[in-house]
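Trainee: Chain by chain, the residues run as shown.
There are 2 protein chains.
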Amino acid sequence: MPTKPAYAELTQHYTRLHRFNHLAAMVGWDRSAMMPPKGNDARSAAEAELNALIHRNRTDPRLGDWISRAEDEDLDSIERANLREIRRDWRQANALPESLVEAKTLAEARCEHAWRAQRQANDWEGFLPNFRAVLDLARQEAQLLADDTGLSRYDALMDRYEPGVRAADIDRIFGDVVGWLPGLIARVRDKQANEPVTAPVGPFPIEHQRALSKTVMTRLGFDFDAGRLDQSTHPFSGGVPEDVRITTRYREDDFLQSLMGTIHETGHARFEQNLPREWLGKPIGLARSYGIHESQSLSFEMQLARSSAFAGLLSPLLSEHLGPQPAFEPANLARLLTRVRPGLIRVDADEVTYPAHVILRYEIERPLIEGEIEAEDIPDLWDRKMFEMLGLDTRGNFRDGCMQDVHWPLGLFAYFPSYTLGAMYAAQWFASMRKTSPDLDQQIADGRLSAVFDWLQTHIWSQASRWETPELVRRTSGSDLDPAHFRRHLEARYL
Amino acid sequence: MPTKPAYAELTQHYTRLHRFNHLAAMVGWDRSAMMPPKGNDARSAAEAELNALIHRNRTDPRLGDWISRAEDEDLDSIERANLREIRRDWRQANALPESLVEAKTLAEARCEHAWRAQRQANDWEGFLPNFRAVLDLARQEAQLLADDTGLSRYDALMDRYEPGVRAADIDRIFGDVVGWLPGLIARVRDKQANEPVTAPVGPFPIEHQRALSKTVMTRLGFDFDAGRLDQSTHPFSGGVPEDVRITTRYREDDFLQSLMGTIHETGHARFEQNLPREWLGKPIGLARSYGIHESQSLSFEMQLARSSAFAGLLSPLLSEHLGPQPAFEPANLARLLTRVRPGLIRVDADEVTYPAHVILRYEIERPLIEGEIEAEDIPDLWDRKMFEMLGLDTRGNFRDGCMQDVHWPLGLFAYFPSYTLGAMYAAQWFASMRKTSPDLDQQIADGRLSAVFDWLQTHIWSQASRWETPELVRRTSGSDLDPAHFRRHLEARYL
Numbered sequence: 001m002p003t004k005p006a007y008a009e010l011t012q013h014y015t016r017l018h019r020f021n022h023l024a025a026m027v028g029w030d031r032s033a034m035m036p037p038k039g040n041d042a043r044s045a046a047e048a049e050l051n052a053l054i055h056r057n058r059t060d061p062r063l064g065d066w067i068s069r070a071e072d073e074d075l076d077s078i079e080r081a082n083l084r085e086i087r088r089d090w091r092q093a094n095a096l097p098e099s100l101v102e103a104k105t106l107a108e109a110r111c112e113h114a115w116r117a118q119r120q121a122n123d124w125e126g127f128l129p130n131f132r133a134v135l136d137l138a139r140q141e142a143q144l145l146a147d148d149t150g151l152s153r154y155d156a157l158m159d160r161y162e163p164g165v166r167a168a169d170i171d172r173i174f175g176d177v178v179g180w181l182p183g184l185i186a187r188v189r190d191k192q193a194n195e196p197v198t199a200p201v202g203p204f205p206i207e208h209q210r211a212l213s214k215t216v217m218t219r220l221g222f223d224f225d226a227g228r229l230d231q232s233t234h235p236f237s238g239g240v241p242e243d244v245r246i247t248t249r250y251r252e253d254d255f256l257q258s259l260m261g262t263i264h265e266t267g268h269a270r271f272e273q274n275l276p277r278e279w280l281g282k283p284i285g286l287a288r289s290y291g292i293h294e295s296q297s298l299s300f301e302m303q304l305a306r307s308s309a310f311a312g313l314l315s316p317l318l319s320e321h322l323g324p325q326p327a328f329e330p331a332n333l334a335r336l337l338t339r340v341r342p343g344l345i346r347v348d349a350d351e352v353t354y355p356a357h358v359i360l361r362y363e364i365e366r367p368l369i370e371g372e373i374e375a376e377d378i379p380d381l382w383d384r385k386m387f388e389m390l391g392l393d394t395r396g397n398f399r400d401g402c403m404q405d406v407h408w409p410l411g412l413f414a415y416f417p418s419y420t421l422g423a424m425y426a427a428q429w430f431a432s433m434r435k436t437s438p439d440l441d442q443q444i445a446d447g448r449l450s451a452v453f454d455w456l457q458t459h460i461w462s463q464a465s466r467w468e469t470p471e472l473v474r475r476t477s478g479s480d481l482d483p484a485h486f487r488r489h490l491e492a493r494y495l
Numbered sequence: 001m002p003t004k005p006a007y008a009e010l011t012q013h014y015t016r017l018h019r020f021n022h023l024a025a026m027v028g029w030d031r032s033a034m035m036p037p038k039g040n041d042a043r044s045a046a047e048a049e050l051n052a053l054i055h056r057n058r059t060d061p062r063l064g065d066w067i068s069r070a071e072d073e074d075l076d077s078i079e080r081a082n083l084r085e086i087r088r089d090w091r092q093a094n095a096l097p098e099s100l101v102e103a104k105t106l107a108e109a110r111c112e113h114a115w116r117a118q119r120q121a122n123d124w125e126g127f128l129p130n131f132r133a134v135l136d137l138a139r140q141e142a143q144l145l146a147d148d149t150g151l152s153r154y155d156a157l158m159d160r161y162e163p164g165v166r167a168a169d170i171d172r173i174f175g176d177v178v179g180w181l182p183g184l185i186a187r188v189r190d191k192q193a194n195e196p197v198t199a200p201v202g203p204f205p206i207e208h209q210r211a212l213s214k215t216v217m218t219r220l221g222f223d224f225d226a227g228r229l230d231q232s233t234h235p236f237s238g239g240v241p242e243d244v245r246i247t248t249r250y251r252e253d254d255f256l257q258s259l260m261g262t263i264h265e266t267g268h269a270r271f272e273q274n275l276p277r278e279w280l281g282k283p284i285g286l287a288r289s290y291g292i293h294e295s296q297s298l299s300f301e302m303q304l305a306r307s308s309a310f311a312g313l314l315s316p317l318l319s320e321h322l323g324p325q326p327a328f329e330p331a332n333l334a335r336l337l338t339r340v341r342p343g344l345i346r347v348d349a350d351e352v353t354y355p356a357h358v359i360l361r362y363e364i365e366r367p368l369i370e371g372e373i374e375a376e377d378i379p380d381l382w383d384r385k386m387f388e389m390l391g392l393d394t395r396g397n398f399r400d401g402c403m404q405d406v407h408w409p410l411g412l413f414a415y416f417p418s419y420t421l422g423a424m425y426a427a428q429w430f431a432s433m434r435k436t437s438p439d440l441d442q443q444i445a446d447g448r449l450s451a452v453f454d455w456l457q458t459h460i461w462s463q464a465s466r467w468e469t470p471e472l473v474r475r476t477s478g479s480d481l482d483p484a485h486f487r488r489h490l491e492a493r494y495l
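Chains as they are written, first to last, in the numbering used here: chain L, 1 to 495; chain V, 1 to 495.
These are calculated hints, taken from the structure and not from any lab test.
Fair warning: there could be bad hints in the mix.
Calculated pairs, SDA-like style, for lysine to any residue (alpha carbon to alpha carbon, straight line, at most 20 Å) [unchecked claim]:
#1 Lys38(L) with Leu220(V)
#2 Lys214(L) with Gln231(L)
#3 Lys214(V) with Pro37(L)
#4 Lys38(V) with Trp279(L)
#5 Lys435(L) with Glu491(L)
#6 Lys191(V) with Val352(V)
#7 Lys38(V) with Phe20(L)
#8 Lys191(L) with Glu491(L)
#9 Lys191(V) with Leu390(V)
#10 Lys38(V) with Val27(L)
#11 Lys38(V) with Asp223(L)
#12 Lys435(L) with Ala484(L)
#13 Lys214(V) with Glu207(L)
#14 Lys38(V) with Arg277(L)
#15 Lys214(V) with Ser319(V)
Here's a subset of chain L near chain V, in silico, CB distances under 8 Å, partners left out [said to hold, decoys possible]:
#16 His22
#17 Met26
#18 Arg43
If you want the footprint, here are the derived chain V segments under chain L, 3+ residues with CB under 8 Å [as the list claims (entries may be wrong)]:
#19 14–26
#20 29–39
#21 240–252
#22 289–299
Keep in mind the model is a prediction, meaning the values are calculated, not measured.
Every residue gets a Cβ at the ideal spot worked out from N, C-alpha and C, and that includes glycine.
Please construct the entire structure, taking both the sequences and the accompanying hints into account.
Mentor: Below, the structure written as structure tokens:
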């Protein structure tokens, strides 16, 4: 056995970190899904202590030396990929001086807290000073990361969410979409104007919705011996691969929100539940980037669950759990699940108009981070782009315009592209599946979902962080990310 | 402001420990109440990492010096009491060499694991070798603690659970009880033989039992904004004072088990929820000993909830949640809740026979730890004492005899007395309450429970670990623990 003392030290160190992250994931889930309100202060203090411990471990001064020495050790290709991920984590944890991290945390907390009321009050002028402080620190952060990596500022931020993906790639991909999306939306709207849709009639008791969600999750392969479904104000997927915790929220008048949300989170959950067991505890064993993760939730929610084929499977389950009604008839259900209507709010957007929301944000935040525009330029840009892409007027409506998302107040720049990259990856995965299974829709209609799950297992879940994102895309689907797959998917489904 | 640098270091260190203990409490609760089975291995590893971290902090080599120096600093009486508790924690964490701790953990895990099947199989001979190893290590541990404190072996162990209480106290108290308990049991049995009792008729749907439990908990002052009720195989009270997690288990055919269990845990919970906020995070802010904690659960379950007065409050709640039936009539309910029947199993025992089970165990484990008897002497002693005190024959029945409890296989010696000390403290508290509120039973019957809660708040909850146990007892009730209160309580209720 070749000796790899530095690599062994790293492995031991990251195993410990993995266990601390396990604790953080669990108490974080508990805070959102279980904790009563008066527990908040003590919990915040306990979580802060744990986060400080995790940060100390990620910035342990011995790590730099271990990483350098491990580079010269006799590692196999898996160990080398793991070392690459260790280096990425170490670089991100160490790139920023403590003082900048603290200033960012404070500025973001202040901005986000004030934003909650300012958004309600449509108070852009009140928001601007806090936001300028957040932006200024984000630029400093981006510059330090850029100095450290040789990337541009925006690329350096994006590398956290999509390792290996650059703004030049995004420009190419989103530039293509901008060319055809507005026209596509108009044609879909024309077509749907003449299609009658019957709306479901509630109320739908929460207990029945919960049972329906669990039935559908089981149908989609969620392992309830290795996870749970609970409720929280903001649905999320958390926990650890051996014990995945997903949440949803219920409205008595609308079961589709919780159901489609649950299906979305089930896609995230199956990625986690099926990460390779032999890599758990190592950075290589973590799920690949945000965009790849989103490609799993959208494979489940968009590619699979909003298809006509799946509507036939869903229909009897709805009748069984919620009582039969005309709206649950498969053809009507499929129309319900694919209704397109441009709107102001990203999180309420349908599959077709959603990319417009993301592209708009990317086209503003990239020059914002690079220093080409300033915070006060945002509203005009927002108004113009929203009108160009979705034909909507947002002038003076900051609340439902540039102040609608929590991301920028929290200093989360370069995150938005992952949402639409995820949708595009998912379309590319399903195009690949159709090559090997030309009758995929028939299989889905028959309830034989293994063609989908097996492909995802082989090409995505089992790969974890084995490859950087662009390399993973090439290996799984034979080519770089190509927005033509997404376009063909939308045209096939909506025209 | 006087400078107290060493005390300040200790405060900071124990605040950090408190936060780690918060995390441990929460993931421990989660493991028992929420975690799906496949999460177990990863959770065990994460908890072990956290426990190791906590142990490192409790044994930090700087602590001894800080404690010595703090003794000479200008501390007020509260700080001095806090320092006393810090010293106790530090001494307990450091008394044992790492190798003994590891050997104990291994031997106890092995013994407990094998015991589960051996108990079912009534296999005393198979159990004995594992148990001898556990006992041998417990004696070594007790000897080291004794050397460190100047106490006897058994006293040194008991000081962990009941600070300041000694075997000489227990001998005096239990010796008194042995003198009158068998006679009392016989008289109660005679009396109850002629009292008809109507049994409740099930099934009682779990959802209705859950709603009943929550109603009763609210009636008893449990703050659901600072805690939760959930389910687990073995009910317990956990969490942290700001966020207390209690659990119960439900049987469709018997609602009294879950209801009385919930009331019991609610007593523990109110102690925790009402610990003084200004001491939280300091050892002085922790709930006093196991016996004092049990005095709260038994104040709720035994003193309050099994009283005739309380049966009148409970009766309409049962009818409301479970549907009316003759068994819920107040007088019948009171008889149901005070039925006495000697049995082999401690955890199933009623209020009157329970002390016999505890005294029997104490009379065996004290000489066992002191080396006056050996493991193989246990069955004969058990048989003899069980016959003397409860008139039951346990010969050859190890399963329902000396192998019934998990405590000894786990090396938990000197813990049993706390159960009955708790019952006796509770009786002494209620005797004190009756002195200031001679109409206490009428107040309870009227649903005015504040006389009980206010007394407990003032005398117990607000005191936390301000005093060692015997001092607390004297201050709250004007005298040392006196079993005459317990005797009078039993005679008043059962004769």
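Trainee: Take the hints in turn and mark each one as holding or not.
Mentor: Evaluated hints:
1. Lys38(L) with Leu220(V): Given pair Lys38(L), Leu220(V) holds - Cα atoms ~19 Å apart, limit 20 Å.
2. Lys214(L) with Gln231(L): Given pair Lys214(L), Gln231(L) holds - Cα atoms ~13 Å apart, limit 20 Å.
3. Lys214(V) with Pro37(L): The hint holds at about 17 Å.
4. Lys38(V) with Trp279(L): Holds - the C-alpha atoms of Trp279(L) and Lys38(V) are around 17 Å apart, at most 20 Å.
5. Lys435(L) with Glu491(L): holds, 18 Å
6. Lys191(V) with Val352(V): The hint holds at about 14 Å.
7. Lys38(V) with Phe20(L): Judged against 20 Å, a Cα distance of about 19 Å means the pair holds.
8. Lys191(L) with Glu491(L): This hinted pair holds, its Cα atoms lying about 12 Å apart.
9. Lys191(V) with Leu390(V): holds, 17 Å
10. Lys38(V) with Val27(L): holds, 18 Å
11. Lys38(V) with Asp223(L): holds, 9 Å
12. Lys435(L) with Ala484(L): holds, 15 Å
13. Lys214(V) with Glu207(L): Since the Cα atoms of Lys214(V) and Glu207(L) sit roughly 19 Å apart, the hinted pair holds (cutoff 20 Å).
14. Lys38(V) with Arg277(L): Distance ~12 Å between Lys38(V) and Arg277(L) Cα, so the pair holds.
15. Lys214(V) with Ser319(V): holds, 15 Å
16. His22: holds, 4 Å
17. Met26: holds, 5 Å
18. Arg43: holds, 7 Å
19. 14–26: This one holds; 6 residues, not fewer than the three required, reach chain L with a Cβ under 8 Å.
20. 29–39: holds (count 7)
21. 240–252: holds (count 4)
22. 289–299: violated (count 0)
Of the numbered hints listed earlier, the single one contradicted by the structure is hint 22.
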